[in-house]
Amino acid sequence: MKASTIHEPKGPIIFDIRHLWAYYNDKPAIREVTFKIPEKKVTAIMGPSGCGKTTFIRCLNRLHELTPGARVEGEVLLRGQNILELDPVLVRRKVGMVFQRPNPFPTMTIYDNVLAGYKLLGQKLKREEADATVEEALRKAALWEEVKDSLHKRGTYLSGGQQQRLCIARALAVKPEVLLMDEPTSALDPKSTAKIEELVVELKNTVTIVIVTHNIAQAGRVSDYTAFFYLGELVEYAPTSQIFTVPQDPRTEEFLKGKFG
Amino acid sequence: MSRLFYRKLKDRLALAAIVLLAFLPAFPLFHILYGILKQGLSVLSWEFLTHLPKPPGEPGGGVGNAILGTLMLAVMASGMAVPVGVLCGVYLSEYARGKFGEVVRVAADVLQGVPSIVLGIVAYLWVVKPMGHFSAFSGAVALAVMMLPVIVRSTEEILKMIPETLREASLALGVNYWRTVLKVLIPTGMVGITTGILLSLARIMGETAPLLFTAFGNPFWNLNPLQPVEALPLTVFKYAISPYEEWILQAWGASVVLTLMVLGLNLISRFLAWRLGGR
Amino acid sequence: MMSRNPDRIFYGLCLAVALGLVFLVLGIGFTLLSGSWLSLKKFGLAFIWHRVWDPVSEEFGALPFIVGTVVTSLVALLITIPFALSSGIFLAEYAPARMAGPLAALIELLAGIPSVIYGLWALFYLVPLVRWVEMKFGAPPFGLGLPTASLVLAIMILPYAASITREVLKMVPPEIKEAAYGLGATKWEVIRGVCIPYSLSGIVAGLLLSLGRALGETMAVTMVIGNRSEVPTSFWDLANTMASVIANEFTEASKDLHLSALVEIGLLLFLITLLVNTLARIIIAKLQVK
Ligand SMILES: Nc1ncnc2c1ncn2[C@@H]1O[C@H](COP(=O)(O)OP(=O)(O)OP(=O)(O)O)[C@@H](O)[C@H]1O
Ligand SMILES: [Mg+2]
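Chains as they are written, first to last, in the working numbering: chain A, 2 to 262; chain B, 2 to 280; chain C, 1036 to 1325.
Honestly, the hints are just simulated from the structure, not real lab data.
Incorrect hints may appear among the rest.
What the hints assert, rightly or not - Calculated cross-link-like contacts (lysine to any residue; reagent style SDA-like; alpha-carbon spacing at most 20 Å): (1) C/1212 <-> B/184; (2) B/130 <-> C/1046; (3) A/176 <-> A/75; (4) B/161 <-> A/102; (5) B/9 <-> C/1055; (6) B/130 <-> C/1228; (7) A/154 <-> B/188; (8) A/154 <-> B/10; (9) A/37 <-> A/27; (10) C/1222 <-> B/126; (11) B/161 <-> C/1046; (12) B/100 <-> C/1061; (13) B/9 <-> C/1064; (14) C/1205 <-> C/1224.
Note that the coordinates shown come from a computational prediction; the quantities given were computed from them, not determined experimentally.
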């Protein structure tokens, strides 16, 4: 039964997750999750509220263990290397993250926010290199045209949607291999949401994206694969077109019909 | 009907009593300000602010050495208390879990409650006695200990108010924790931390008791931390209890300067706090 | 693992500093204890209730100062209470918000005026006033002494006590006040019957913290208390407090035993304020659990 609902994606694999358990104070929030995430694709993580979506993606860049009392078991292979045995700081350079609420650094300008991944590490970039990095990242985040004349204003002066794209630019600037997004549009208006969705589709040419979303339609629009979580377990994983048309598990089906929150 | 009338009357009487009692103390409090200004302003002059005191009986002279000494003590005390206090605040907000954190907090609270004269004794026993003489440094030690708890607790509170997502944003970029603290959290909380430091400075600048047997006083210019140094509150005290007319007048003058310094620091920190709240 | 090490070092640094703070407090206690060793050995516990303080014959007892400190602080607190409560209630309940903020800030500013300046003011304005009162009552017209010290202490702790009272009263949830208004209570009945009972332990804690301040207050008291090291026999007497005797005699103490006795007074003062403050903090901690 179980084997049939977890799809084995073709093509190059970036994350190979094996028997992953995640705990808060010895209470498991992720149970025995095993699946593979393909490279340069968008994988959506879905499921009802509290099923462990956030917990799961925070395991992929080892943010989970920062929560007091939190613990992880199992293996998360990033291109064959178990990230749970690597230095978390290095893991986070390769696996960037965009959060539910835009969180630009309030003391920094737009320019410095984009370069935060370098500046905070004390890495000095040459002027031209820095300018080029900022422009490239802001262009990728589809924000360049809007802010190119106000790069030295505070990031917090931007609108919510712009701030979120600034955060995407900040994550992209360090050239990660994977970008994790935890409900990146849930705090935004529909127009900004549409912009971010376009961006996600665009970005998958350069980076693998794992996106948590509550919104079924959004998952349908942007993702190639969908993983459905329920009470901390991975219930079903398949190409999005397949899971949306012929869900294998009754719980997935009910969720897609809008039975739970 | 009459009962309602009685209740309403009581309500009115209570209000009247409260307003009366609430505003009566304003009289002495403002009279202090009035006294300082009335007596002190007449003494203020460029000479008063920049010259050394003269022996009693000679006209003129000033408190320049005391102003310099107070500033010097403030700088030295901050130099000791700020780094230690901020790091301790960082410890409490970022790392402290469980019992030991509580112990540190209690220690800060205890320190806050220690009478300043007692800290003077301690600085005397720690610094003056081994060195064999009074010094600016020993005074600064006593003042630094007084500043510490204020800085520790305000830093802790400010850092705790910074949203968790900002820490995570930095960590998710692969930034180490210590850089996250120094380059994201402290800059973000800078206004609040500065407010705490200024408040603690305002608290110690007017302190006399811990300086009586540490910094001790010095009628001459001194910038050597190992020598005794004058301070404004010491001058006020010495002059106020002296029998000389002109010294007493100068005590008022020194009070104006001291009050302006302390109230100025208070106002600046209040302004910062207000701007912080407004955003 | 390279990049993990600096994190360890930084953590170690913070931990060391926090440990340092704890040791600083322990060190203060230890230093006071070892500094008063001579006196402790010579006089034992009797130091506390011995009535004579005579540096010339090296006979030392702390009772005059303990009485001076306790009397001035308690009288100051009693004087302050009605005013502080009224100010706190006025600011929290009656004053319009636009007025309450600035007024409260003003009160806190006044609380920041250095103690030595309160002393200077008291010396030149309060002393003549007290002298006048003393003459009316037929007491010896020193102008200085216990009444003057108590008064200046009362004035000094008032802003502090008032602002704590205000803060505690503002924590009363509006719903329960509204419930009382809904029953037809007048404003005073709401304050009397709901607000004050609700915040009583907080107010008491605030008053205890103010008392703690008064106990350790040095300069203003030293300037007006008259500096007489005998157990006072009437409220009009000249006296000395624990803090003021230290301020007056510490630099002049040429004999080791005298110095040690003064340090022991410092130790006692430390313990008394610690006791009062701890009591206040326990009350506050209970409050927060509730
Ligand atoms: N810090 C924490 N401490 C203890 N338990 C937690 C913590 N964070 C989350 N949990 C628990 O772990 C489970 C999974 O939470 P998680 O936040 O991963 O869910 P989610 O799927 O992201 O939900 P949502 O859709 O509401 O964001 C929940 O039962 C939650 O109560
Ligand atoms: Mg979530």
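(message) I'd like to know which numbered hints this structure contradicts. Please list them from smallest to largest.
(response) 1, 2, 3, 5, 6, 8, 9, 10, 13
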